[in-house]
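Q: Sequence:
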Amino acid sequence: MGLTEVLALPEETEIDESLELWSKALFKRLESEIGAVNIALFVLIEDKPLLCASLTTQVFHFYPNFRPSEEYGGYSIDWEQEARKCERKFSLIGEFPVNGIWKKENALWEHTVLRLKKGKRTLAYLFIESECISGHRHFTPRHFDWIYDEASETLRCLILRQQLTQVKHDQHQNELSFALNNHQLTSQLSYMKSLHEISLRFTKATTIQSLCRIAVELGRSKLQVDRMGIFLCDMDKSEMWGTWGTDIDGNVVDRSDFRTEMPNNLFMEEAFSNQNQLIVKENVPLYFGTEQVGVGWNVMMVMWDGDECIGWLAADNLLSQSPLDEPKKEAFKLLTASICQKIVKLRETEAADERFYSLQDQIRAQTERDSEIENLLVTTRQQIRWLNVHDEHYGLLNATYLELATPTFIKAARKNKMPVTVGVVSIDFFQGYKKRYGAKLARRLMMMIADDLKQHLGEFEEQLLCVIKEGQFAFLVQTQDEVLLRDVATKIVDDTYHRNIENGTSQYYQRITLSLGISFNCVGLFTKPSGVLKKAEKACLIAEKLGRNRFCID
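If you count the sequence shown from 1, position 246 lands on 235 in the numbering used here, and the numbers rise without skipping.
To be clear, the hints were calculated from the coordinates, so they are not data collected in a lab. Even glycine gets a Cβ: it sits at the ideal position worked out from N, Cα and C. Do not rely on the hints blindly, as some may be mistaken.
Stated by the list, open to error - Beta-carbon label-pair distances, calculated as ranges:
hint : residue 1 : residue 2 : range
1    : 265       : 308       : 26 to 32 Å
2    : 472       : 265       : 42 to 48 Å
3    : 74        : 333       : 42 to 48 Å
4    : 74        : 296       : 19 to 25 Å
5    : 76        : 139       : 17 to 23 Å
6    : 330       : 228       : 19 to 25 Å
7    : 225       : 76        : 40 to 46 Å
8    : 223       : 79        : 20 to 26 Å
9    : 155       : 181       : 28 to 34 Å
10   : 228       : 536       : 18 to 24 Å
11   : 265       : 179       : 19 to 25 Å
12   : 264       : 472       : 40 to 46 Å
13   : 22        : 223       : 44 to 50 Å
14   : 282       : 401       : 58 to 64 Å
As the list claims (entries may be wrong) - The calculated lysine to any residue pairs, modelled on SDA-like cross-linking and capped at a C-alpha distance of 20 Å, are:
hint : residue 1 : residue 2
15   : 331       : 475
16   : 17        : 136
17   : 193       : 211
18   : 524       : 539
19   : 331       : 223
20   : 523       : 453
21   : 13        : 139
22   : 423       : 381
23   : 322       : 265
24   : 93        : 250
25   : 318       : 423
26   : 74        : 104
27   : 527       : 543
28   : 424       : 498
29   : 524       : 475
30   : 429       : 441
31   : 317       : 223
32   : 523       : 533
33   : 93        : 277
34   : 211       : 327
35   : 443       : 509
36   : 109       : 146
37   : 406       : 453
38   : 480       : 543
39   : 106       : 143
40   : 423       : 380
Just need the whole structure built from these sequences, with the hints factored in.
A: Set out below in structure tokens:
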């Protein structure tokens, strides 16, 4: 139904009522007969649905200019698709009202979308929604048969008449456009001055809370807004909280006690998917916290730090019900950008201060730990001298130490709820190597292998390495990661092989190689500390019998 068709409407066409009165009467009847809470009429103009009228919790609003359909719920809805769904099931039930934000406890919402036609031609979509406490569908086609009859008879003419009236009105408005432009320029200049004053006051804010208070106090008074609030959020935790805002009477109040989960609905998804875009909703529920306190327009602008959402600014017209003009929309965008920029800077400052104080605490704690470690080192050296737990030839912890330390190691593993793994590493043909190349080179080889083992076992937080006899080591580790254990075992064997240290006594490789036996999770409830090495020693013997230069895990 285009402009040409509107202008071609005969002057003598007479209709007893206007589209506004027809819509209002229709909505009131639906409200009284079936308990409809939310109703909206979308007329089809050039195959595009436009918002014509809406009723939200008894508040009726007519839009003579026909508004974009997105301004009803704050997000895009395919009304043709919704109508097709309702032609199959007639009504649908959901947890949220289509134009609401917060879920109402112990309540569901039933809605249907009627296709209003003249013959085979779709004229409009009628959205009807009511509260569904029982959880069962209440709407049936017989409730709405009379609507199809009325729409078929008068709706097309009413829409044409409204368009014709609007065309004439627009022609008259063009005559006033110059004065209107001057008014808008004056408003924009006034808003710019106000925003400049607000930005100057922001420089005095030292915390995010004080910044938000200044923004709400001055933003509300300078931009002539009934209510305003600034909310911050943590998207990773799906949590939001208040800072400063206004109560239902427009008084500026501290709302830092308001904390809840992020509302999960299409309106919030739309807001977060469109950066730097002001979201406008007309004739929708207005809230204080999660409680509805009225109906009016609501605007929301999300604040971003790069790709991270840090919060949003919200405002409405609960008290005065004043219209929302374009200069005020632009002022909201600029105010939000200024607040966002200052919040980002304050967060960076707070983070830097926190890191500084944290480093101070770490330095203090490290100093204390160093002192404790130094005292412990002195004590340990004394104990080592007394226990004689070092191998006299290689300077490494010996089998005596392993025997003493194993019970403590197992006890700690049980406390940490970690399995204990034992390994035995044997240098292949070590005695032959010592006999051919001498004790000095053999000692050097042992030390080198020990250093390699320490490096590889460093992959585990808790580990213990000892030499149990010439050419053989044993180690204990705490780990649940068998994949990591296999990787470490592979490195131990392969690194020694690739060192390519000559050993003419080796029957297979003519170089130094290792045989490694591992027993994973070898400590049971009744395992004695003295028996923890047995399975690893057996696995080591199997590795030797299989050709050496390999590891075997039991």
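Q: Give me the numbers of the hints this structure contradicts, sorted from smallest to largest.
A: Hints 4, 8, 10, 15, 25 and 31 contradicted; others consistent.
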